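*Asks:* Chains as they are written, first to last, in the numbering used here: chain A, 1 to 224; chain B, 1 to 240; chain C, 1 to 249.
You may find that some hints are simply not true.
Pulled a few chain C residues facing chain A out of the computed Cβ check, cut under 10 Å [to be verified]:
hint : residue
1    : R14
2    : M28
3    : R31
4    : D83
5    : L102
6    : K113
Honestly, the hints are just simulated from the structure, not real lab data. These numbers were taken from a predicted model, which means no experiment stands behind them. Virtual Cβ for every residue (Gly too), placed ideally from N, Cα, C.
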Amino acid sequence: MSLARSTATILAKELRTEFRSRELLGTTVVFVLIVIFLFSRTFEPTSSESRRFGPGLLWLAFLFAGSLMLQPSFLREQTNDTLAALRLAPIDPFSILAGKMTANFLFLLLVELIVLPVFAVFYNVAILPVLAPLVLVLALGTIGLATTGTVFSAVAAQARLRELLLPLLLLPVLAPVLIASTEATIGILRDPFDLSVVWLTFLTAFDVVFLTAAWLIGEYLLEE
Amino acid sequence: MASESQSRTPSGAAISFPSVLVVFLLVATASYGALIQAPEEATMGLIQRIFYFHVSSAWTGFVAFFLVFIASIAYLRTRALKWDWLSVASAEVGVAFFTVVLVTGPIWAKPVWGIWWTWDARLTSSFLLWILFVSYLVLRTLVDEPERRAMVSAVFGIFAALDIPLVYFSIWWFRTQHPQPVIGAGGSLDGRMWRVLMLCWVATLGVMALLIRLRYRLEALRTEVDALRLEESRNAGRTM
Amino acid sequence: MATPHSSSPDSGLRISFSGIEKRYGMRMALRDVSFEIGAGECVALVGHNGSGKTTLLKITALLARPSRGQITFCSGATALSTDAVKRRIGMVAHHTLVYDELTAEENLVFFAKLFDLPDPVARARESLEPVGLARRADDMVRTFSRGMRQRLAIARALLASPQLLLLDEPAAGLDPEGQQWLGATLANLHASGCTIVMSTHGRNETQSCVTRAIRLEGGAVTHDSGPNGDPRGVLAMAAVRETAEGDAR
């Protein structure tokens, strides 16, 4: 069975599970909003400050939310050892990772798109005129987050203290994404509009490097 | 039993006396070079000499982390635990050297620039690298079974190592966009200073090699002891 | 009760274990295990906990790799590739291997798709019949009783009409009636040519079709009644050991 088909089947299952309960989606959105609110209470953002600090806080909130919300990805497969069921199937083992990565990506992107307008209101930034490049940055950054997050979720699932371990592993590795995405977002929201090719290329490179690494060695994590 | 293990526990002394002697001599020579023989830097004075140890430690730390990368790949390919022993040994030694970097940085900065810390490109990157591999070590403490631990460490080790150039570039590019005074820069290096630096680096590499070898041996012995303990407890349980 | 999908008796699966060794750390879970299972046999693996039964089953299911040694699958004269083998194996494990947050039917449709079966929805519905879960097809597995989950697990294992069925202590958690049903199901499958390997703790109702018994202790094979022998001796051995250990405690 082709990698694409098995990935799509697993993706569909992940999405169905996720959206059936919708509890994780709601909780993650609320969590991001709380983080943004708390961050902004640590200083009083005037309009120009908002444009400088806001994006950083936004991405920080996304990273925190991501590192918490990516937990269940593989933990869910431990309850009834359904991971073994997946591995019994005649599919490329990478499709298990790929399906989950894609599901996590879509899920996180959805959270970000929901939070974005709220962010725009809190920080008085106009996002509609620059929506397309903004979504591009969101997508590139989130690919990096979802890719590494899913792989590390598989790592953490085999260890103790996994709730603490996932953020511990993920956040340092994602520091470059935080920097790049924040800078790119600041550039986009700046007046005049500045689309930083360097940062966008960097984000793409990050995604390519880690997607490739996940493809090459990810399946070792699924073995017994 | 140890003989059943794919990775033999090394026998004999961990490090030979000649090798210790060589490294000791290297370190002594390098220290002499750095502290006494090298020309004094014009603006910074005596404290600048710490730069030789600061930079050599950083470069050596890189080498150690590169070893983690190689050993992790080797483990995934061969499943021989000895690569895992090399991996943890290199990671710990690398963290130790980067601790030296993070400590000598402020010691150098305070007298010269008046501040303990600055988020300049090099220090920031060093800090992040330090955290990255400390996370690697934390991960290891949280997985009990040796093969599973080796596996997840190898995967995370590879990801962490791949992250290194990305960390450096992103922080460097950020700093070029938002410049601030850089600690440690200023002036090119005099020829004699380069020679001393190289000597310091070789000496530090020697220390690194010794430490890794010692740690590797420790890990091998630890694994053997754990296995013997396990066998003993299982035998005791069965005769009950 | 309808017979679950049967496999063709001519294309039986032969398994060959050669010098299989499995280490976890420095603990030997399996030592030098070598034997062959011919097509259509019904093998019981007996032994107490920790004897290596589950590990051997996992290796047979290609879920774990042996530290040393080889396992080969043949259909007729040709050795099979990993994917080809996976298509032919069904497994009932210690855990249920189904998703609590999906319905019974959704679970089976999902796995049917992963096994690339034609018309997965119809196949799923058909598979629920023999295990008596057809009326609970749209209920979440979370709401199922232990026995029902076990039956769904069996339906899942039989989805792709496996030529090799692996079961890890399948009687555990089933009441005597459930055990009898399972015994009858296994007998039917065996009659239609399926090779069965199941690990078992002691005597129970599921063993009516057993043609061969292999005993493991400390990861090594101690007794093997052979493809043509009488398994009852080895099976009885397991039960006696169990009782003796139980009394000694």
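*Asks:* Are the hints correct? Go through all of them and say.
*Replies:* These are the hints, each one checked on the structure:
| no. | hint | result |
| --- | --- | --- |
| 1 | R14 | 19 Å, violated |
| 2 | M28 | 16 Å, violated |
| 3 | R31 | 19 Å, violated |
| 4 | D83 | 4 Å, holds |
| 5 | L102 | 7 Å, holds |
| 6 | K113 | 5 Å, holds |
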